[in-house]
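Residues per chain, in single letters:
Protein chains: 2
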Amino acid sequence: MWDALVVGAGIIGLSTAYHIKRLNPHHRVLVVDMLGGPGRGNTARSVGMFRDFFHSRTNRLLAGSSVKFYMDVSKQAGLDLRMNGYLWILSPEEYRGIRGYLRGYEYRMYDGDELERLIGLNTSGNPKLGLPEVECGMLIPKAGSIDVKALVAYYYNQFLRMGGEARFGVKVRRLLLEAREAKGLPGEPHLWQDARVSGVETDVGLIRAKKTVVAVGGWAPVLMDRLGVECHVKAKKRQVFIVGARHGVLNRLVRAGGFLMEGYPPMFILPKFRVYVRPHPEKRLFFVGCSDHLGRPFMVEDKPRPEEEFYEYGIKPVLTHYLPSFSEAPVVGSWAGLYAICTLDHQPVVFEEADMIFVGGASGSGIIKADAVGRVAASLYSGLEEAELYDGRTMRVSDLGLRNRRVEREVFVI
Amino acid sequence: MWDALVVGAGIIGLSTAYHIKRLNPHHRVLVVDMLGGPGRGNTARSVGMFRDFFHSRTNRLLAGSSVKFYMDVSKQAGLDLRMNGYLWILSPEEYRGIRGYLRGYEYRMYDGDELERLIGLNTSGNPKLGLPEVECGMLIPKAGSIDVKALVAYYYNQFLRMGGEARFGVKVRRLLLEAREAKGLPGEPHLWQDARVSGVETDVGLIRAKKTVVAVGGWAPVLMDRLGVECHVKAKKRQVFIVGARHGVLNRLVRAGGFLMEGYPPMFILPKFRVYVRPHPEKRLFFVGCSDHLGRPFMVEDKPRPEEEFYEYGIKPVLTHYLPSFSEAPVVGSWAGLYAICTLDHQPVVFEEADMIFVGGASGSGIIKADAVGRVAASLYSGLEEAELYDGRTMRVSDLGLRNRRVEREVFVI
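Those protein sequences? They're chains A and B, same order as listed. Residue numbering for the first sequence follows this note's numbering, beginning at 174 and increasing consecutively. Residue numbering for the second sequence follows this note's numbering, beginning at 174 and increasing consecutively.
To be clear, the hints were calculated from the coordinates, so they are not data collected in a lab. For clarity, every value in this text was computed on a predicted model and none was experimentally measured. Keep in mind that the hints are not guaranteed to be accurate.
Since copy identity is lost for identical chains, a pair holds within one copy or between any two.
Unchecked claim - Taking lysine-lysine pairs in the DSSO-like style, the calculated list, with each CA pair at most 27 Å apart, reads:
1) K489 <-> K301
2) K445 <-> K301
3) K383 <-> K344
4) K476 <-> K322
Bound conformation, chain A alone (with noise of 0.2 Å):
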């Protein structure tokens, strides 16, 4: 019987499972996942940004103190931060939307003409495809990229070392809800029985848990649905394209100088549609995606694919209108995830119900906001009303939850 199961080693799992060991470091802590190592499913297929530039308390808190966890292990854990920053291209009525927020804030403006100098932006709008002119650019400095992978081995490794252990390969196929008095009548749980999540059922067998925490991103609709507990959590598919920049002027592009840091251009993201492209200027490579809505089923699939056609008559008419270096560009590369959408919010979930610990609904945040999302959690479980932050800051653990849930609007989103 162990203390804690955690199902799933994507990055919130891990932090979740790495933080609760480390508040109860004498509790037998078990992470599974059906995939063959930490950190293997959407987690890696995150691209990576993180920014710790929000106004909502809620945001402040979860990616505050998650960001400066990660500045702080970066040496440690080798997480290859750069503060390479975001720039965020905005229409004139973006501009208005966010400029009665900006006091107190860092960051920087860029009028239309300095970035067609330095980054050949046309700044003009287009009707036909509804794209609106460019008003100015905001560069946010608190915001860069960060190697996943070695976040994921971070947690991990701390875990084992504190005397956690984890099995891949272990598909768990439902949550167990047991009676806590067994009768042992057909169909248990009855409505009458008190019942409780006592562990799960998995390809290899059961494994019993005094809690056990439910931790599966994209996957939550799959466990929970079928326990009968809504979580507000539904997966959609995210998509990235790679882009060559070996040649010519997206060579130049991204390396991109006059920003942050010399030959490495923040993040750019487009208005009104926020198609993001993100720099790769050792590997010569772009990251370009976007987030879809109307259309885009939400849907639990093992593998997404990415679509070709989503990148050729979707993303590339807004992308090459506003960087024209891209018409010629050649796609080397894609992959596709899941994200975990809290469909109330867009911010993360964590509540306790029967014995089971949902965290999740990270919504396209989770590697910006694991940290702090891990130590709710963790809180959760250790019976504490408070959660206290890397950063010194607390949060009240049900602010997350469903029934007291207090998270505000986010005015800086992308």
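Use these hints to put chain B onto chain A, whose structure you have.
Then chain B, alone, in the frame of chain A:
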């Protein structure tokens, strides 16, 4: 091209179609359903009980105005309304929970001795089953039973009479999402294209409409997840067991007097788990059911089956503890259906996105609230901000929406 296409001919779809046509007599309105006639899906699986006894503003508007409508058209429509009431049997804890809210309501209290005498109630508790003792019974007079088939026929026939049309046996495969200005590109609509739901794809071809109304009850996640729009509705199986009462003590119970209608006792609702027992004196039957939560999956099923074990080991121990006369009662039939549960707050959901109007999530009180919910959805269709309900009161359409949702918590929950 239809003005309005209503997908789903359950009670909510029919009420919505009727009120759309009533408010817009010149619009061409089509109802489609996969089954062979109106109201043959989960509407037909209702127990057919209603009440106008609620605390929240939301329910007093939705149920109150609907019940008034049913009472007024009852004779004309042959709804066979019986105001036999609900007898809500309460534990001390349950009574304490609602006592403070009872002022201003019409009800009658029965003490344990009276209930023992009238219906043979066992007022003691059973710690082994976690069953509390009985404090009292609260008889709610504004409640009773309704002929659901007749209500379906009423809306359907009125709709046809106004010139509405219907097609049955039409299976909707998906909502059709199209660009407002198609470019003939593969994979349209793309992210930069303004897209709208332009109808449905069915097994007999496309049906296009200016507005598509999705009123598919428990099937909501199938169509809506595919569209990628969250409706916050999930399906759960609900089971009803038919108990014969032709003989002995049950034959007396099914005609028990001392309540509102001689020879027609109220529906009994037992403490804690809310096992309900609907008497059918003419047929010498009881309908018995109970809504379970933990362990009952959220799942869309074409033909949900009742489970003998659920009655035998789940309901029966509770039922026979409080009403020992059911000990030897024969189960002579059973059925199961799907509740369309709104997992936000168990209240209906009505919203519009991209020319698609969603109406659903009645959460088990679809019959009770159908008229008002249909009026709200039809008001949204008609571009009105306020829905005029049957009793003259109004409700803001956005109160049942997602963006500015404003529903109140209900105190009198069954």
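Hints and how they fare:
1. K489 <-> K301: Within one copy only: 14 Å inside, 66 Å across.
2. K445 <-> K301: This pair counts as within: shortest intra-copy Cα distance 14 Å, inter-copy 61 Å.
3. K383 <-> K344: within (20 Å within a copy, 46 Å between copies)
4. K476 <-> K322: within (19 Å within a copy, 46 Å between copies)
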